[in-house]
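Required output: the full structure, derived from the provided sequences and hints.
The listed protein sequences correspond, in order, to chains A and B.
The numbering of the first sequence is the numbering used here, which starts it at 1361 and goes up by one.
The numbering of the second sequence is the numbering used here, which starts it at 1361 and goes up by one.
Do not take every clue at face value.
Which copy is meant is left open, so a pair is good if it fits within one copy or across any two.
[Stated by the list, open to error] Pairs of lysine to any residue residues, derived as SDA-like cross-links and limited to a Cα-Cα distance of at most 25 Å, are as follows: (1) LYS1437 / THR1563; (2) LYS1588 / PRO1397; (3) LYS1437 / MET1361; (4) LYS1366 / ALA1456.
Worth flagging that the hints you see were computed from the coordinates, not collected in a lab.
All of these numbers come straight from a predicted model, not from anything done at the bench.
Protein chains: 2
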Amino acid sequence: MRTLDKDEILARLDLERAEALLRQGFIAYSAGRAQLPPVQHFAFAEANGDCCVKSGYVEGESLFAVKVSSGFYDNSKRGLPSNQGLVLCFCARTGAPLALLRDEGWLTAWRTALAGRLAARVLAPRRVAAIGVVGTGLQARLQLRALQAATPCRDVWVWGRSEAQLAAFAAEFEPLGYRLRTTLDAEPLARACQLIVTCTPSTRPILQAGWLKPGTHVTAVGADAVGKQELAVELVAGADRVVVDSVAQCAAYGEVSHALVAGLLERERLTELGRVLAGERPGRQSEDEITLADLTGLAVQDAQIAKCVLEAEA
Amino acid sequence: MRTLDKDEILARLDLERAEALLRQGFIAYSAGRAQLPPVQHFAFAEANGDCCVKSGYVEGESLFAVKVSSGFYDNSKRGLPSNQGLVLCFCARTGAPLALLRDEGWLTAWRTALAGRLAARVLAPRRVAAIGVVGTGLQARLQLRALQAATPCRDVWVWGRSEAQLAAFAAEFEPLGYRLRTTLDAEPLARACQLIVTCTPSTRPILQAGWLKPGTHVTAVGADAVGKQELAVELVAGADRVVVDSVAQCAAYGEVSHALVAGLLERERLTELGRVLAGERPGRQSEDEITLADLTGLAVQDAQIAKCVLEAEA
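See below:
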């Protein structure tokens, strides 16, 4: 059994190969060829923390993965990271433990960003005049990096709650050839951009329905647990095409859950990303459609990105 | 984060301290002061294997545990162990990973055996003329070792399916001062013994109802998954006192599940071990009762025995 630390893991992570494996993972999941037992959740009320255990296996693959990720929101007061995580990989033929990936949450961050890239490949309009990034954290930065391969556009609007974070975001991407506009108001971003990613832990809608122009695609990755929401229910219900990573999971706590509960959206209108990637269902069908990808994160992504890292040994 | 291997773990394992922590764990569980998310199960049909992930946290404790244990039943053909397991421990105040315990399943084996000891302490009759051990595997051997502290009896009947395994069992315990009788027929064992432990992966009843004499206690630990059964339903239903580690889990797949499904037992007759250990419910009340302890294994046991090993550092 090997132990790899964050730096070793990131050095082995080939984003193109990871994207290909994630594509296979989404397809397998939607085809019923993956095992995803129920997510285990812990709550640590006194410590203001939580933890979840996500496990996944794509049938026929050589390994399965068990991921433990925690958020302890008072850790920063102690100089510790709020989010911690690790992934254990086991041989699917013998059960032997293969590797402990001490990725500190980076594999989750990248598999989420690359899912955004996959969604953009099948749903973004052909002409993107500007990319909109809602959020300034690590996931926002990785989403923008992941989109480099999906669109040639380098004009970017960024929304955040703090001028300092917006400035730091711009300082990271301007040297890479991006032209950035920062804003504390999400409306002009929504009106100007055709490819928008929302990447915040918000519990209230940031984007409203009337702001989007025809032909816009929105990928939302923030709503990964009950109570989170980045998009107004009218925006979700009004989209011409609603793609989800998992109907079951998104109906439980994704962006679409709020619209379903409000009675504004029917479950039949949801299409799984794996079916679109498999070519069984259409992606974007016209340049005028408003499309939405609601991504809550699946354990098959963890298993596939772990496989990517472990295979890089050869 | 530390990694301890099997030998280091067993060297740190103080059975008396472990028993005390397990007692606290059962009490906390039955009092609703423990978090046990649903067990995750994988099935690997082609490899003839399975895996489960059990996670547990006793509220107020310093750590929580995630255990991954697998059984791959063709491994012996490759010279590999069939059962493999490890336990991850995390700090309940910061989420930080504390330790990886590569116990190869030994912590599960011991926490199961010590649960048998706890059950015997509150349910075994005062006078035990003979102990009956049903099974000859590792768990059968550990149960007998664990019972050393619960009874002075050293007269033992052992049932097994193979003469060779019975001889090996006897060869292990005779030098320790035990007087052994081995048998391929379970009936004389059941008729002669007052403290019986059943520790097999059987899927058909081994012990029948009419064989037990008044005053006998039976602890059954084999039925830890759907489809397993060591005791006839009439034996279970006919016991004067039925104690379970978890009402919910035993009703799902313990020995009592079969009697519940058959309509021979009412759920109201089940008492949790934690309530008996807490003194809220009686243990054995007379020397004539037939008592039963149905133990399916709880993740609080994993968390508590892991704590025992980690605390031994000090």
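Going through the hints against the structure:
1. LYS1437 / THR1563: within (23 Å within a copy, 54 Å between copies)
2. LYS1588 / PRO1397: So LYS1588 and PRO1397 pass the 25 Å test inside a copy (22 Å) and across (21 Å) alike.
3. LYS1437 / MET1361: between (34 Å within a copy, 21 Å between copies)
4. LYS1366 / ALA1456: both (22 Å within a copy, 15 Å between copies)
Of the numbered hints given earlier, the model fails none.
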